[in-house]
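For the record, the sequence lines run as chains P and A.
Numbering-wise, the first sequence is residues 1 to 579 according to this note's numbering.
Numbering-wise, the second sequence is residues 580 to 1158 according to this note's numbering.
Source of the hints: derived by calculation from the structure; they are not laboratory data.
If you're wondering where the values come from, they're calculated on a predicted model, not measured in any experiment.
Please note that the accuracy of each hint is not assured.
Under the rule of at most 25 Å between Cα atoms (straight-line distance), these lysine-lysine pairs were calculated in the PhoX-like manner [said to hold, decoys possible]:
id: 1; chain 1: P; residue 1: Lys-101; chain 2: A; residue 2: Lys-673
id: 2; chain 1: P; residue 1: Lys-101; chain 2: A; residue 2: Lys-1017
id: 3; chain 1: A; residue 1: Lys-1017; chain 2: A; residue 2: Lys-1031
id: 4; chain 1: P; residue 1: Lys-159; chain 2: P; residue 2: Lys-309
id: 5; chain 1: P; residue 1: Lys-94; chain 2: A; residue 2: Lys-1031
id: 6; chain 1: P; residue 1: Lys-104; chain 2: A; residue 2: Lys-738
id: 7; chain 1: A; residue 1: Lys-888; chain 2: A; residue 2: Lys-1031
2 protein chains.
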Amino acid sequence: MVCLPFGCASTKSRMRWWARSAALFATIILLLFSLSFWNRCGGEPGPPSTAAPADSSTKRRQSQLNRDTEGNDLTDLRCDINEEYSIDCKKSGKEVYIPFKFIKKYFEVYGQLSEQHGQPVFHWSHSYGQLFPPEEPYRPDGQFMYFATYNVEKRDRVKCISGPEGVPVTTQWRPSGFFYVIQIAQFGLSHYSRNLTEPPPNYYELLPSRNGASSGATFSWVRDSELNEDVAEFSPANPVTIPVDRSGKSLLMLELQVSSNATVWADLQFRDTALGRSVRVHYVCSDLMIAAQGSDVFVGLGSSWSGYKLFIRDLTVDALKGLGGRGRNAPKLTAQRLRVVRLGVSGGGRLRQLRLASSAHAGQTVQAADWLLRHQTAAGAWTVPVERRLNNHMVLAPDWSSAMAQGQAMSLLTRVYRATGDRRYLDAARRAAAPFNKDSADGGVRTMFQDKYVWYEEYPTVPASMVLNGFIYSLMGLYDLWRTDPDPAGGGAEAGRLYTAGVSSLRALLPLYDTGSGTLYDLRHVTCHVAPNLARWDYHVTHVNQLLVLATMEPNVTQFSTTADRWAEYMSGHRAPHN
Amino acid sequence: MVCLPFGCASTKSRMRWWARSAALFATIILLLFSLSFWNRCGGEPGPPSTAAPADSSTKRRQSQLNRDTEGNDLTDLRCDINEEYSIDCKKSGKEVYIPFKFIKKYFEVYGQLSEQHGQPVFHWSHSYGQLFPPEEPYRPDGQFMYFATYNVEKRDRVKCISGPEGVPVTTQWRPSGFFYVIQIAQFGLSHYSRNLTEPPPNYYELLPSRNGASSGATFSWVRDSELNEDVAEFSPANPVTIPVDRSGKSLLMLELQVSSNATVWADLQFRDTALGRSVRVHYVCSDLMIAAQGSDVFVGLGSSWSGYKLFIRDLTVDALKGLGGRGRNAPKLTAQRLRVVRLGVSGGGRLRQLRLASSAHAGQTVQAADWLLRHQTAAGAWTVPVERRLNNHMVLAPDWSSAMAQGQAMSLLTRVYRATGDRRYLDAARRAAAPFNKDSADGGVRTMFQDKYVWYEEYPTVPASMVLNGFIYSLMGLYDLWRTDPDPAGGGAEAGRLYTAGVSSLRALLPLYDTGSGTLYDLRHVTCHVAPNLARWDYHVTHVNQLLVLATMEPNVTQFSTTADRWAEYMSGHRAPHN
């Protein structure tokens, strides 16, 4: 432990200062301070505990609590802030103390009181947000960035996972909910990544084989002529209830054919929650999205479909979204706390599969990719059905496309193509490149900055908005397609060209996002002459995380890693130098 | 007086918040607070004085000095800063108090303790620097911006005012001193502006007319055949001493012809200074620049010249620069504190003029303009004879030109042309436009940003540096020439074209300098991919002052005034919004 002019730094502290040239000087100063402050810094940090045994030295120190080290009293002091208003401060000798509640609001920094070794400690944080330095170079078949840490479906703005589609429904920009392609692609990429990082799933089969013993289930086994295999049949006259009593498996996988108004339901119990209650989730043949009545949650699987259809339902998510708590009031429902006590079917239909699983990432990934297959337009885009208004000058009418959506879709589709070998996914990814060659004004996602640098627009507004994180995500999608397409003359070469041009633009324009103490979210101030739109810390940390990944994709471009390093320093309050 | 969540704001406080849409909500909150805080804010602000009469209520309040309003004790608290180091803070109940000495260094803000109504008050300043909103629209024959507030010659980096040249010598970038055209033009513009704003000078004549009574002076009056007028002659055998005893007139104007090693000297006394001493300033026929020996200061007027030459010497400045104190150690020598007690001449020569003046701005303006006439190159430039190194990538070899120098020179030359009608000044200003049509790489001052926007470079480095304030000064010079040149087909039209193109560039690129909490000095981060070079507050306030002036030159460009307003808000800590 060493001492700095303002106190003590533990050896594991990062000590990242901009003025590296001052290192030698600092070392000398530190040595001098470490000598004179040894007594203060060598032992327990912080002031003596008032709860410590009251020996005479402790008592003496306690009596000085309201005096500083020079014996000055702490007095009240009015502090005039920029001749605009006053706050109440404290004064001790010549030192002035400013209340943190003011600092917090004025500078937007963060702080929290806690205890260490029985002593109160205040933790000052310049920013929030987590850095994810990549552990290995980016791979188009590897996990996508740090998306394995995502749980898209638990986000507040996810209304539910659609029954018929198996993908999230967002409430962002439209409270009644709609399918937002970027959220769906991220849902897929998150499950793809978790499938690589988490242990493989284990299952609890609920459908006894025809010859096996049935634990109370009374399905009729019938031959399905089209499948040419035996399936379990149930009918209005023959509802089935299956006792389960299992925990740790919250994924319900069912492959169902409906003949008349079938319902599959599950009785759940959550341990250690504020609710502490039992929940029954009903999967019904209905166009209802999700609803709840008391502790009954209803999820619609659609009103009709032909043949067998696989549904993957996260019982925790369905209970959570159905019971409707959001934010602070959300019930704390996790898979670990879930116990499935009973399952049942009613109405009429046939089951080819019915089981509980500890996870189902592969299936959920494919469901997201299949949604993309079903909803791609003839122009290769996925459109967003709601108006998007960045400001009064930058408004997107409903059914706009997004380069970020195209890119994230490409990243998902190419991965699913690699995993399955199914060319439909590759073909969709190839078609997804088309909007990159079309200007925003013509329904595409391309703009030119100052007639010179091509830019792929997350929000293809006119005038351009040039959102940074969306652009970089679009580059990653193009890269994935370029590196995946086996036909060099096919979409891959074109994707490579688009990617390379985009990287050139990024190298030229990345500095425009650098404020010297943080980053900008977009360039609206340049294109619209309005105030700059500063990136809040979670977008800032996304910029840094993206650059760290890009640096592994373009190891020869040192600009990406040096910029990422500087931008990471901003998160600890280290600004660029001024003249 | 109203109350804000953090205390009280006087009605004259500015209350300029970015979130104007929150005004209604704020009003409601303020009304509520003004009610509950009335007792605290309605009377004397700040804590009770410990020196106040000790009635019982005062005593009771004194005993609570170390307790906050909830009766909590103030205790020591360790504060962990970004997991990098610790500082010592205070804690009172749930509130944490941070020492200002840390805040000051961490955020680079400013603060000062003072007293108001016998109470200590701490003045928190987010920035330094003074705004000069123009009182009237910019005029090419009016004072130049707020340069009437300048006193160039008293700046630390001015070594002295050259005897032979009558203009400042700078020590910036070369301690031995050299003539820096920008400093000289600013010296001229400052005196031009002060000539418009200050009262006209009054004089104390030291050369008795041939027929008048001489106060002890014993000049011989002789007929100068070339001038065809009588002049005062002195010779080695006939040194002259003139008792004076005058204060408030620190400008010595002498028109001198030297026949043999003449010296003019003045005995000065400064009142109320730390020095409290007498100084003798000797003006000698020598190439010596300036020197001192004890309390004798020597200023060289040059070793030879033909005919009569006018010298304008600021005795205060000569004493100040000669005695060599700089910064904190500089003697506080002002004209108000100066008394000229005696003057004398020795050696041989003739005087056509010898007087003390309260000011000599017009003459000093012309001396700066004449320096420009004498030192303009055939290419129309004024070159700087020292290397200028912005960073390792941006280095100017000696004898570089500067668009700012060209522009400031134009502003001075056109004003002197208007004032004198002397075409030489106009012709020099016209020639000064030539380097604006030549690229930096070819010895000019022009660069193109992203092949699209022309920019005039204060430092014409390759790669470009694009210093903002220098560019705007260059535009003002072009504007002055455009509006002054009487020949529409002459240099004026060309200057107008250069100016208009520059304004277009500025409109497009001004946002690139906006960090959302301050401004950038240049665009080196864009052209060189290094860290952004933040503008310190005095450059930031220059940007704002320049935009306020530009807004009067281009009243149809609202961007200039809205940007100036936003940038002015940054000086009080009001940032642009984040998303």
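Hint by hint, here is what the structure shows:
Straight-line distance between C-alpha atoms of Lys-101 of chain P and Lys-673 of chain A comes to about 10 Å, which keeps the hinted pair within the 25 Å bound. The straight-line distance between the Cα atoms of Lys-101 of chain P and Lys-1017 of chain A is roughly 56 Å, outside the 25 Å bound, and the hint therefore fails. Taking the CA atoms of Lys-1017 of chain A and Lys-1031 of chain A, the gap is near 16 Å; set against the 25 Å cutoff, the hint holds. For the proposed pair Lys-159 of chain P and Lys-309 of chain P, the alpha carbon gap of about 23 Å is at most 25 Å, so the pair holds.
Simply put, Lys-94 of chain P and Lys-1031 of chain A have alpha-carbon atoms about 55 Å apart, too far for the 25 Å limit, and the pair is violated. For a cut-off of 25 Å, the pair hint linking Lys-104 of chain P to Lys-738 of chain A is broken: about 46 Å separates their Cα positions. With a C-alpha separation of about 50 Å, the suggested pair Lys-888 of chain A and Lys-1031 of chain A falls outside the 25 Å cut-off, and the hint is violated.
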